[in-house]
Structures are given as structure tokens and as C-alpha cells.
Amino acid sequence: MMLKTAIVEIGKKYKVYTEHYLNATADKTIILVNGSLATTASFAQTVRYLRPRFNVVLYDQPYAGQSKQHNQHDLPIRKEDEAAILLELIEHFCAQHVMSFSWGGAATLLALAQHPRRIEKAVISSFAARINTPMRDYLESGRHFLQACDRRNVGRLINSTIGKHLPSLFKRFNERHVSSLDEHEYRQMHFHVNEVLTQDTHCYVSCADAIEVPLLFINGEWDEYTSAEDARLFAAHSRQAQFQTIKNAGHFLDMEHPTAWHDTQQALLGFLKPVAKIPSQPRDLTFSSKASVIPPLQSANWVRL
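Heads up: the sequence shown begins at 1 in full-length UniProt numbering, then just goes up one per residue.
It should be emphasised that the hints constitute simulated quantities derived from the structure, not laboratory data. Warning: the hint list may mix true and false statements.
Unchecked claim - Cross-link-like lysine-lysine pairs, in silico, DSSO-like; alpha carbons within 30 Å at most:
1. K4 x K15
2. K121 x K12
3. K4 x K121
4. K28 x K13
5. K28 x K247
6. K13 x K121
7. K247 x K13
8. K164 x K28
9. K121 x K15
10. K273 x K28
Claimed, not checked - Restraint ranges, calculated between C-beta atoms of paired labels, are given here:
11. A148 x G270: 16 to 26 Å
12. L75 x N248: 36 to 46 Å
13. K247 x V205: 42 to 52 Å
14. D27 x H144: 41 to 51 Å
15. S206 x P134: 32 to 42 Å
16. P134 x T198: 33 to 43 Å
17. S180 x L22: 21 to 31 Å
18. L22 x Q147: 35 to 45 Å
19. R136 x M2: 40 to 50 Å
Ideal placement from N, C-alpha and C gives every residue a C-beta, glycine not left out.
Using the sequences provided together with the hints, build the complete structure.
What follows is the structure, encoded as C-alpha cells:
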């Protein structure tokens, strides 16, 4: 198993840091799309069960992680820009599958609606078709703290809402990471939150209408912010949609406890490779020093297991 890192230039506009886990025995490549405020390291637990079966690609958005030093940050990046970046990376790495987490689902659905020729299947995790009351309350509070660049309260807000089911170790990583963010990252997230709160989310179900490849939506049973019920609203709009609810799990799914890690793995791999028997040996994730929800930016090498 070999890891290659590279800076990929996107349309002479952005430079994106990428990590490419090469597997000589794999015939498919999957690209993973981060949620907001996250870096490549946030997929550490997911990469553990994908690497033995796929070539895996991770990347940092231009404003985050190890991409930000290579880009200008004069203007915020729109979800349409993130979709265009994803489409170019799909072509660059010849990816057949894509998996998104949380806010990454917005750009992923926009990209898939443009019918990228290589993509065969896609997984959308912790994303829903509407902004419900708990999510709206969370975003309204977040918008205030982001505008004030209030690092301490952004971290506390994440840990008390969407991150409330995480182990305490991961919550500490969250607060440490948030406190290390640059001001432009707060401006970027404030822009995203304003977009979500002021624009009609019907655009996402419209995207689902246009998507032709099979989709798997994965949500946590305890996730009141992007609920399984709200995700199932996509059922009426997607030609080939499947839905999985991870029992006893919140928004962060495979990061929360070993059973959730096991069940998320089974759902994902069962969808991508339905004929294969998938062995799994979950271990106690709480004490894994390589796992983090939103770890410090300097620790992107934590995912190099």
C-alpha cells in the first residue's frame, strides 16, 4: 500500500492538496469529500476499511488544511466551485466512486447532477434534503460565532450539537482544531452558512432528479440535524436511491464508537461491493491516536496508517 501526495491544479484557479492511497490489487478508485471545517485527516477511520479494497483519494478544499498555503483567499468559494473541483479530481484520478460527509454532500450532489462519465456509484453520508429546526438553530448560532471569529464558542457549539455523541478525546481534537483556524476559514464557513440559511434547499432534490447512478444515503439514528427521515425525502427524486440508518449513532457515524464503525463499514462496502463477503474486526476507536473528527491542521499525516 503506497501513499502519494500531490498538489493538483484545478482550472488554473485553485491548487488542491491530495492524498492518493494506491492499492495494487484494487480495480476501483473512490474519492472522499470532506465536511465543513475538516481536512483529509477527518476520514482516518473510514480510510482504514477502504484501503484494503480500493484506491482511495482524499483532498483539502483550497481554503483548508494543506491546500490553503497554495491559494489566495480574497473571495469565498461557492458550493458550485466545490462541485467543479470535485469533477476535475474525479477525472484526474479516474475515480469510479465518490463518498461525501455532511456539508460535502452539497457539492457532491451538484457534481453528480452533471453526469461525470466515470462515476458508477455514490455514497452521501450525514446529509439531508431539508433544513429542519435543530439544524437551523445550530446554523444560526454558528453564523454568529463565525462572524465574530469566536474560536472558543465555535468549538463548543460543534461539540454540544452535531458532535455530542463523540468520545471525549475527539471532542478535544475538535476544539484544538477550531482554535487553529485562520480568519479566512471562518469567513468561508460564515459564507457557507449564509448560503444554506438563505437559499432554497430544493436545489438538492433537483440534483437528485438528474442523477443517474445508484446512491446510498447513510444517516445516524440519533442524528437530529441531518436525520434519516429527512434524508429519505430524496427517495421521491432519485432513480436508484438506497437508505441505511446506523443504529445508536449521531452525525459523525463511524467516529463515534466501534459498533457504529462496524455498521457504517458494512453499509458502505455492501453497497459498493454487494457480492463480496466483508470481514470486519472492529476495535476500540476511542483510544486511537490516529482518529479525529476535525483534527489539528498540522496532523494530516495521522491518516497515513
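Hint-by-hint comparison with the structure:
{"no.": "1", "hint": "K4 x K15", "verdict": "holds, 16 Å"}
{"no.": "2", "hint": "K121 x K12", "verdict": "holds, 29 Å"}
{"no.": "3", "hint": "K4 x K121", "verdict": "holds, 24 Å"}
{"no.": "4", "hint": "K28 x K13", "verdict": "holds, 28 Å"}
{"no.": "5", "hint": "K28 x K247", "verdict": "holds, 29 Å"}
{"no.": "6", "hint": "K13 x K121", "verdict": "holds, 28 Å"}
{"no.": "7", "hint": "K247 x K13", "verdict": "violated, 42 Å"}
{"no.": "8", "hint": "K164 x K28", "verdict": "violated, 35 Å"}
{"no.": "9", "hint": "K121 x K15", "verdict": "holds, 26 Å"}
{"no.": "10", "hint": "K273 x K28", "verdict": "holds, 10 Å"}
{"no.": "11", "hint": "A148 x G270: 16 to 26 Å", "verdict": "violated, 44 Å"}
{"no.": "12", "hint": "L75 x N248: 36 to 46 Å", "verdict": "holds, 42 Å"}
{"no.": "13", "hint": "K247 x V205: 42 to 52 Å", "verdict": "violated, 26 Å"}
{"no.": "14", "hint": "D27 x H144: 41 to 51 Å", "verdict": "holds, 48 Å"}
{"no.": "15", "hint": "S206 x P134: 32 to 42 Å", "verdict": "violated, 24 Å"}
{"no.": "16", "hint": "P134 x T198: 33 to 43 Å", "verdict": "violated, 18 Å"}
{"no.": "17", "hint": "S180 x L22: 21 to 31 Å", "verdict": "holds, 30 Å"}
{"no.": "18", "hint": "L22 x Q147: 35 to 45 Å", "verdict": "holds, 42 Å"}
{"no.": "19", "hint": "R136 x M2: 40 to 50 Å", "verdict": "holds, 44 Å"}
When held up to the earlier numbered hints, the structure conflicts with 7, 8, 11, 13, 15 and 16 and fits the remainder.
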